[in-house]
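Q: The residues making up each chain are set out below.
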Amino acid sequence: MSTTPIPFDPRALRAPHPVPGAPDNWRRFFTFNTDAKVIGIQYIALALLFLLAGGLLAMIMRGELITPPADLVDPSVYNGLYTMHGTVMLFLFLFPILNGFNNLLIPPMIGAPDMAFPRLNALAFWMFPVFGLVLMASFLVPGGPSSSGWWAYPPLSTQNPLGLLVNGQFLWILAVAISGVSSILGAVNFCTTIIRMRAPGMGWFRMPIFCWTALAAQTIQLAGLPVLTAGAVMLLFDLSFGTSFFRPEGGGDPMLYQHFFWFYSHPAVYVMVLPVFGFFSEIFPVYARKPLFGYHVVAIASFGIVLLSLIVWVHHMFTSGTPQWMRHLFMVTTMLIAVPTGIKVFAWIATLWRGKLWLTTAMLFAMGGVFNFIFAGITGIMLATVPVDVHVGNTYFVVGHFHTVIFSTITFGVYAAIYHWFPKFTGRMLYEGLGKVHFLLTFVGAQLNFLPMHWAGLMGMPRRVASYDPEFALANVLASLGAFLLGVAMIPFLLNLVSSWARGAPAPANPWQAIGLEWLLPSPPPAENFEHDVPTVISGPYGYGLGHPLVADQERYEARLKEA
Amino acid sequence: MSAGLSAADPGRGPRDSGPGGGPQGSAPGPGGSPGRGGSGPVRGTLLLVALGVVLDLLASRWLMAQVPRWLPPQASTAAPLVDRLFALEAGIGCFLLLGCTAVMAWTLLFDRADKYDRDDGDPIEGNLKLEITWTVIPLVVVLLIAAEAIRVNGQLASLGGKVRVAGAAEALRLVGVDGIEGVAPWGSEASPLEAGADALRSPNLPRRFSMLRQKTSSGSGLPPASSSGAADTDTAAELGPIVVIARQWSWQFVYPDGVRSAELHLPVNRPVRFRLVSLDVLHGFSIPAFRLRQDVVPGSVIDYRLTPSREGRYRLRDSLFSGAYFAANQSDVVVESEESFDRWRQAARLSPLAPSPNAAAELWRQRQERGNRGWATVPPAPPPLVNVPLDPNAAHEG
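Residue numbers (the working numbering), protein chains in the order written: chain E, 1 to 564; chain X, 1001 to 1398.
Excised from the complex, chain E in its bound form (with noise of 0.2 Å):
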């Protein structure tokens, strides 16, 4: 840590938040602290400490899978592996990441001082410490983690082979039910702090896109969360307490767990994705100098996508059985989404023409991360048409797809959120050179894995196998080459961020010159955001070029940002 003091606004230094530079600030991170931005950076660090061992995981994997034999580790380790990969990057990695910006970025950019309910807040937190532990905590118990997948599918999920109560598919589905609750306590407080605590003046269509799509995100947590509870709570009887629920010996159906799981599972993509949209709506037009094309459309098709979501799940059970008649009317629904998505896509697009582009490393990542979008899309809509999927479902074209969706376009987004906000939270510049070095290993290694899946898949390697016929070789050692180089490129980043903490250039207020309430704030901003001087919003975000204020008064605003 630097000990040169550094001359920050004086409303920062009283902030209960971490302040670079400030004595003693860590410890604030270890607290049971209300702060929406305390809570954010606890999230942020935490979930990359996570993505740090979900990758590493992946990287045992890619090692075994490098050569055709399960030659590496037993195959039962092997799938305890992939499960856990799996696991960590959605509940321990991408859900609380994008959380801890939910945190960071929804308070500011409505002028609101802190989260509606800032206990249940911390409270939502620090579930996720302890979620993570049983998670970790499953690899120290006898017979190893859960080894049924991600999906954790009856009867499979149900085996118990060493018949112990606590095994690694119970500490599992606890978690995950535990997951379940702090997700659901994070909505609430979410949509109640974007309905509710906007600043003066902020009508729905002024406000930020990514505040709409937080909106949206966590709709779908409320509707479908407690259906994967359920569902958890129900497997968690028929594995300990000897219910029926999923048991066809008993009376039970291990499809009716397939509907619960995706009816939530699904959506959940999109509850990654939609924040993630959110950080391309406000990078594009920031670095592109430009109003965002067709505002009120990419706002509304957040919400059209929300109702679709929650009408697509059988996608996933194609071959399970479902009746034709179900098939067809899942396949159109599942369709239908490319419609909404491709809205965005295409004024993303727009928004860059005729631009005046700065090619920062925040806009590498959104650009890099919208093609691999466009590409995870058109996959997409094959694996949506029962046929082809009857095909490649279930082999590495799925596990192509949703890494290039859940890697290459959400993951993409969080690092592009991480270099555009930094500065802002933390008070210090990121170094562009290595986080333009990030993005070049980054994206290539991202293309290098992932691609060569894909036509595995189309050949027939099943997904989540320790071995595999030879044909499979080339593209798997491809895929294994990337995954390494994926690995590789996170050394800068991580030397990007510790280094850029304790001795970066301190951050200006606006280093990006970008419109927004957040920028009108100091970097980092104070505890209560705007205190009592909140500004009252006259215009719509994104007015580059147009010439007009965002918030009455803005000379004040701005003169009391360079005065600090």
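Be careful, since some hints might not be right.
Quick partial rundown of chain E residues pointing at chain X, CB under 7 Å, derived from the structure [stated by the list, open to error]: (1) Ser147; (2) Pro155; (3) Ile378; (4) Thr385; (5) Val390.
Source of the hints: derived by calculation from the structure; they are not laboratory data. Remember, it's a predicted structure, so these values are computed and weren't measured experimentally. A virtual CB, placed ideally from N, CA and C, is assigned to each residue, including glycine.
Use these hints to put chain X onto chain E, whose structure you have.
A: Positioned in the frame of chain E, the structure of chain X alone reads:
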């Protein structure tokens, strides 16, 4: 690399002229976009766009022609239909991806701000006509794809009905297969069969049966497996039903005449009907060369149909994760001429039942030798007792 950055940063930092960048950004700057106004350049732009569209179309056509190279051989009547649909989607997808990428690449090349240029771009806020266009076109395209997929799906018609059963023993009794290793025989007192038999007598079961009855032309529910293929056929030539028994981790195929095999032998160009049964967890019956896949669900007996169309030996894989030795749960499909298939069946009838070589059993044995190290798993079921064992060294085509 940081030199360029540090030069750029001061340029950004001190400039606090306020959001919007002042009035100079609102008018199209003189240096903004040379050559994009006036009628001459408009014609040039249109020509450029037309050229781009033509190139994009050509590239997409080329990509569609490449599709067969990414796929296994077409060994069933379903394969050409599926491949054609996939190629169509690949072509449309390629056109879209290239089109979007070209525009993004254009902006990257020609719309970049100069190093110290802090001006704003053209303040275009939207264009209703354009937005309607890019809402309607994808809508029409996906609906057309969906309509085509529904049509193809109707032609495939591989999925028949499904009958719910209360566990493995009842499933085996329903399909008329007895004497499976590790599952209690029908007559056994202690088997879960009693529960199954009760379930069969339960009043709501006939309703479940009716679902399958609609799908089979015989109108008599599930025909016994011992009847020859001719008894329940849509066409006189249909073979089956062949009972497919999936377990952790082996495949077994029981033919209507009672032949048991660890490989699936099928005559070419003849429709074949299956009854898919799982004795433990979910499995997937998947033959990539046929482009067909169907989950095998414990608690259900699923009716399935297909027609092989090309002779050869192809992989049959477990496509739905089934536990520790899931990856090793593979078998082969041998599609052969009618005469060759008959000879095989004759020979198989005369072969005694013997355990088939089984990859999972072998891996389990190796694990025991290493002291049972690894994470917990159920032990593999005993290798199936079959007339025709699996040849683990035979080369497969796809």
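Q: Min Cβ distance, Val390 of chain E to chain X: is it shorter than 7 Å?
A: Because about 5 Å separates Val390 of chain E from the closest Cβ in chain X, which is inside the 7 Å limit, the hint holds.
Q: Is the interface hint for Ser147 of chain E satisfied, with its Cβ closer than 7 Å to some Cβ of chain X?
A: 6 Å, holds
Q: Holds or violated: is the Cβ of Thr385 of chain E closer than 7 Å to a Cβ in chain X?
A: This interface hint holds because 5 Å falls under the 7 Å limit.
Q: Holds or violated: the hint that Pro155 of chain E contacts chain X, with Cβ atoms closer than 7 Å.
A: Holds, because the Cβ-Cβ distance from Pro155 of chain E to chain X comes to roughly 5 Å (cut-off 7 Å).
Q: Holds or violated: is there a CB of chain X closer than 7 Å to the CB of Ile378 of chain E?
A: 3 Å, holds
Checked against the numbered hints above, the structure breaks none of them.
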